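Asker: Chain residues, written in single-letter form:
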Amino acid sequence: MRILRVFSEPPLPWLFALAGVATAASAILPKVLQIPELCGAPVARFAVADLPLALGPEWSVTWLVAGWLVMVVAMMAPLLGQPLGHVWRSSLPGRRPWALLLFAIGYLLAWSAAGVVLVPAAAMLKLSLPEGAAAAVGQSIALLWSASPGCQWARNRCHRTYSLAACGRRADRDCLVYGTRWGLPCAAACWPWMLATMCVDQAHAAAMVIVAIVLFLERMAPPSVPVWQLPPAVQALRALLPPQKVLGSTHPPKAAADVSFSKVDFSDSHW
Amino acid sequence: MPVRTDVSASGAVWTPTLEWYARAVTALSQRPISDRRSWRYLAAIHGISPNSDGDPSDWIARGILAAGDPLPPRDERTRLWDQCQHAGWYFLPWHRGYLWAFEAIVAQTVRDLGGPNDWGLPYWNYFDTSNPNARRIPQAFLERAMPDGSPNPLAAPPRDGSQVLGPTPAVPVDITLGAMGQRRFTSAPGTLGFGGGRTSFLHLGGNRTGAVESDPHNLVHVMVGGDTGYMSDPNYAALDPIFWLHHCNIDRLWAAWLTRSGNTQENGTDWTNGPFPRRFTMPDAAGELADFMPGNTLPGGSLAPTYDDVNIGTGVPVVVAGVAEGGGGPMPAILSDAAPPEPTLLGSSTEMLTAGAAPVTTRVTLMAQPATIAASPVERRWFLNLRNVRGAAPTGVLTVYVGMPATAKHGAVEPVAVKTVALFGLAKASSPEGPHAGNGLGVSIDITETANALMAQTQASLDQLEVRIEQPGAAAAGGITVDNITVVSQPVE
Chain A
141 MRILRVFSEP
151 PLPWLFALAG
161 VATAASAILP
171 KVLQIPELCG
181 APVARFAVAD
191 LPLALGPEWS
201 VTWLVAGWLV
211 MVVAMMAPLL
221 GQPLGHVWRS
231 SLPGRRPWAL
241 LLFAIGYLLA
251 WSAAGVVLVP
261 AAAMLKLSLP
271 EGAAAAVGQS
281 IALLWSASPG
291 CQWARNRCHR
301 TYSLAACGRR
311 ADRDCLVYGT
321 RWGLPCAAAC
331 WPWMLATMCV
341 DQAHAAAMVI
351 VAIVLFLERM
361 APPSVPVWQL
371 PPAVQALRAL
381 LPPQKVLGST
391 HPPKAAADVS
401 FSKVDFSDSH
411 W
Chain B
3 MPVRTDVSAS
13 GAVWTPTLEW
23 YARAVTALSQ
33 RPISDRRSWR
43 YLAAIHGISP
53 NSDGDPSDWI
63 ARGILAAGDP
73 LPPRDERTRL
83 WDQCQHAGWY
93 FLPWHRGYLW
103 AFEAIVAQTV
113 RDLGGPNDWG
123 LPYWNYFDTS
133 NPNARRIPQA
143 FLERAMPDGS
153 PNPLAAPPRD
163 GSQVLGPTPA
173 VPVDITLGAM
183 GQRRFTSAPG
193 TLGFGGGRTS
203 FLHLGGNRTG
213 AVESDPHNLV
223 HVMVGGDTGY
233 MSDPNYAALD
243 PIFWLHHCNI
253 DRLWAAWLTR
263 SGNTQENGTD
273 WTNGPFPRRF
283 TMPDAAGELA
293 DFMPGNTLPG
303 GSLAPTYDDV
313 NIGTGVPVVV
323 AGVAEGGGGP
333 MPAILSDAAP
343 PEPTLLGSST
353 EMLTAGAAPV
363 TTRVTLMAQP
373 ATIAASPVER
383 RWFLNLRNVR
393 GAAPTGVLTV
403 YVGMPATAKH
413 GAVEPVAVKT
423 VALFGLAKAS
433 SPEGPHAGNG
443 LGVSIDITET
453 ANALMAQTQA
463 SLDQLEVRIE
473 QPGAAAAGGI
483 TVDNITVVSQ
493 PVE
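Protein chains in written order, with the numbering used here: chain A, 141 to 411; chain B, 3 to 495.
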């Protein structure tokens with residue numbers, strides 16, 4: 141039951157709700173907004189120049205960008221507790237909503253740039269590989285990347301906080317830049333998971349939820365030395381097990397759920 | 003259960019406790035670092051590498067290790083070494099577990115050497131006003147030789163600071179028991195609490211330093227270590243035997259604080275069972291690895307220490323049968339997971355400062371305030387925050403001044419010193435390549451009295467503050483940068 145406490149720490153309930161709405165929207169919106177549908181026409185071999193044709197007659201940049209951003213919000217919103225808390229606390233009370241909006245714009249700008257590469261990459265993967273293979277390849281890339289020093293390097297930068305001015309034009313600029321500076325390493329750390337999710341046709345919404353949970357667990361891990369390691373999500377699950385030995389105790393360790401979970405924290409000293 | 007005693011209680015330079023400690027230090031120092039119960043392994047748990055990756059290069063360069071010395075496996079180094087918790091929520095419980103593991107290993111070594119079965123770690127009671135030499139480094143840690151004429155390992159590590167705790171040109175401030183006045187363990191962001199603000203696993207780096215960590219803990223480290231001594235650098239500090247007596251006294255201050263009526267000790271599950279997912283791990287007396295959680299360190303827990311006294315030199319009233327002498331309330335401190343009152347941001351500076359040899363000044367514009375703090379609907383305290391303080395030196399010292407610039411409504415008030423702070427672990431916290439994310443350190447200073455004085459002097463509300471920062475003594479190379487300065491106020495409970 142302690143795990144459930146994670147979801148009660150503000151602003152997480154709001155962010156989970158936002159992610160839920162975006163996930164639902166991703167499932168019920170017109171097909172043209174759904175990223176997986178971009179590649180609905182199976183093509184054995186595929187060239188980049190053929191991409192618009194493969195996307196079908198309803199294709200448009202607007203729908204593509206909208207679908208991408210909905211997916212980003214659905215999967216990334218739960219990861220934003222710390223930076224949003226930092227923006228909130230660093231802004232004078234009267235301008236906090238504006239500061240949050242500027243941060244969000246900067247953050248989505250970074251992910252939009254990533255989408256320029258990732259969406260065509262996902263389309264190419266799906267159109268170039270047999271059904272199901274694209275998803276497997278995407279997931280393998282994601283797991284490998286998650287275990288790599290490069291990904292840890294990026295994750296460490298997601299724990300970086302930047303001082304923000306409390307008010308004025310300087311504060312506006314700081315919040316916008318902070319959103320982008322936070323979004324870029326976030327995209328660098330999470331891009332293969334987005335790629336893998338886009339490659340899943342069946343139960344796409346379920347895949348989004350599962351990947352969002354994986355990314356949330358990765359986000360809980362503190363910064364660490366960039367080396368090859370077990371993916372942090374796996375480490376987090378392992379940490380739910382009781383310790384083999386407790387210092388100074390002659391008694392067996394308590395049950396896992398009683399000993400090892402900590403609430404999510406939105407202080408700007410970590411995360 | 004060993005009883006921890008005052009190192010200077012008997013007045014003798016060498017006591018059996020210290021002689022056995024010295025013999026154990028010698029024995030532990032002779033063990034290879036691959037032995038979890040060796041002196042160097044235990045010190046590396048606190049810190050060893052600039053990027054906190056267990057890289058022993060710096061120790062090899064300083065001759066602490068030889069290049070070919072066998073090391074523990076990399077996974078173990080990553081898990082066990084560079085583990086100390088500073089500038090955050092777990093400073094006190096992590097060091098309590100660390101002391102417990104150290105004491106158990108030293109006590110076992112003492113037994114193995116033929117010593118007593120009840121050896122306990124002594125504490126350096128530097129606030130004992132009945133002892134005129136309390137502020138001096140205990141003499142046994144300065145003697146060249148032990149009573150039997152053999153080299154004294156307690157005096158071997160380099161110390162570049164003062165032998166007497168107190169103001170010096172480099173650290174122009176005295177240590178105080180001011181932290182004992184904090185009523186809450188956990189602080190809200192931008193304010194002060196006894197133990198620190200909420201963080202996750204945090205091996206240096208952050209803006210949540212607790213009051214007792216800042217003063218006296220950090221100051222004593224820098225006063226003893228000076229510019230180049232082991233005590234000033236978290237990567238070397240635990241190699242100095244005095245480190246353990248210093249931390250034992252810090253731990254004792256926490257034990258004393260817990261006996262004080264009205265204090266509120268954190269006991270939320272995220273603190274008592276934290277951190278997650280990385281845990282705290284220590285070797286035990288058998289050399290096996292064991293985890294612990296902060297909840298284990300509270301009274302009644304398996305790692306709770308026993309002190310011969312928690313009154314002398316702690317600023318805590320004498321406790322008799324659970325009641326404070328002189329009509330105090332019930333004992334001990336209450337346990338609570340309630341959050342502290344939320345602070346309100348009043349303003350921030352807009353420029354980064356670099357404090358070098360010369361002082362630097364900035365201004366903080368504040369949102370509209372009542373003309374006096376007393377005129378506020380609720381009593382509030384004011385805090386000045388230096389955010390994201392970074393530098394290349396292992397440690398640094400900053401003196402902060404606060405005044406008011408002249409405006410149309412009032413004249414100028416020359417800045418006055420409000421605090422001198424020691425930035426223990428500055429370089430490690432500033433490294434973007436390690437697990438610190440390059441966030442640097444943060445400093446929170448209670449400026450309530452200064453704010454009151456400024457308003458009384460100008461007969462005006464605080465609309466702007468002038469903040470001056472300088473490095474006393476020799477400036478650290480490259481200076482110390484401060485990303486910005488904020489001012490917050492917090493309702494008094």
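Treat the hints with caution; some may be incorrect.
Derived EDC-like pairs (lysine to aspartate or glutamate); straight-line CA-CA distance at most 16 angstroms [said to hold, decoys possible]: (1) B:K421 with B:D465; (2) B:K411 with B:E381; (3) A:K385 with B:E290; (4) B:K421 with B:E381; (5) B:K411 with B:D465; (6) A:K385 with B:D465.
Quick list of simulated restraints, FRET-style, between CB atoms [said to hold, decoys possible]: (7) A:R310 with B:E495: 28 to 38 angstroms; (8) B:P493 with A:S200: 45 to 55 angstroms; (9) A:I168 with B:E381: 29 to 39 angstroms; (10) B:S36 with A:V367: 15 to 25 angstroms; (11) B:E435 with A:R310: 26 to 36 angstroms; (12) A:P150 with B:L337: 17 to 27 angstroms; (13) B:A394 with A:R310: 41 to 51 angstroms; (14) A:V367 with B:P169: 40 to 50 angstroms; (15) B:E435 with A:A276: 44 to 54 angstroms; (16) A:G290 with B:D229: 31 to 41 angstroms; (17) B:R76 with A:P260: 35 to 45 angstroms; (18) A:V205 with B:G264: 55 to 65 angstroms; (19) B:T230 with A:A206: 23 to 33 angstroms; (20) B:A394 with A:G290: 20 to 30 angstroms.
Sample of chain B residues lacking proximity to chain A, with all beta carbon distances greater than 10 angstroms (derived) [said to hold, decoys possible]: (21) A292; (22) L305; (23) N390.
Since the hints were derived computationally from the structure, they do not count as laboratory data.
Computed from a prediction, not measured in an experiment: that's the story for all the values here.
Each residue gets a CB set at the ideal place from its N, CA and C atoms; glycine is no exception.
Asker: For the pair supplied as a hint, K421 (chain B) and D465 (chain B), confirm whether the alpha-carbon distance does not exceed 16 angstroms.
Answerer: 21 angstroms, violated
Asker: If you check the beta carbons of E435 (chain B) and R310 (chain A), does the distance land in 26 to 36 angstroms?
Answerer: 29 angstroms, holds
Asker: Looking only at beta-carbon atoms, does the pair I168 (chain A), E381 (chain B) fall within the given range of 29 to 39 angstroms?
Answerer: Given range 29 to 39 angstroms: violated, Cβ gap about 53 angstroms.
Asker: For A292 (chain B), is the shortest beta carbon distance to chain A beyond 10 angstroms?
Answerer: 4 angstroms, violated
Asker: Do the Cβ positions of R76 (chain B) and P260 (chain A) conform to the proposed distance bound of 35 to 45 angstroms?
Answerer: Once the Cβ atoms are compared, 39 angstroms apart, the range 35 to 45 angstroms for P260 (chain A) and R76 (chain B) holds.
Asker: Assuming the hint says 40 to 50 angstroms, is it satisfied by the Cβ distance from V367 (chain A) to P169 (chain B) or not?
Answerer: 44 angstroms, holds
Asker: Within 16 angstroms, alpha carbon to alpha carbon, are K411 (chain B) and D465 (chain B)?
Answerer: Roughly 9 angstroms between the alpha carbons, so the hint for K411 (chain B) and D465 (chain B) holds.
Asker: Is the claim that L305 (chain B) lies outside the interface with chain A correct, judged by CB distances over 10 angstroms?
Answerer: Label violated. Min Cβ-Cβ 5 angstroms, cutoff 10 angstroms.
Asker: Would you say the C-beta atoms of T230 (chain B) and A206 (chain A) sit inside 23 to 33 angstroms of each other?
Answerer: The hinted range 23 to 33 angstroms is violated for T230 (chain B) and A206 (chain A), with Cβ atoms some 60 angstroms apart.
Asker: Look at the Cβ atoms of P150 (chain A) and L337 (chain B) and judge whether their distance stays inside 17 to 27 angstroms.
Answerer: Between P150 (chain A) and L337 (chain B), where Cβ atoms are some 23 angstroms apart, the hint holds.
Asker: Is 20 to 30 angstroms respected by the C-beta to C-beta distance linking A394 (chain B) and G290 (chain A)?
Answerer: With Cβ atoms ~26 angstroms apart, the hint holds.
Asker: Just to be careful, I want the Cα atoms of K385 (chain A) and D465 (chain B) compared with a cutoff of 16 angstroms; is the pair within it?
Answerer: Distance of about 56 angstroms is beyond 16 angstroms: violated.
Violated hints, listed in ascending order, are 1, 2, 4, 6, 9, 13, 15, 19, 21, 22, 23; each of the other numbered hints is respected by the structure.
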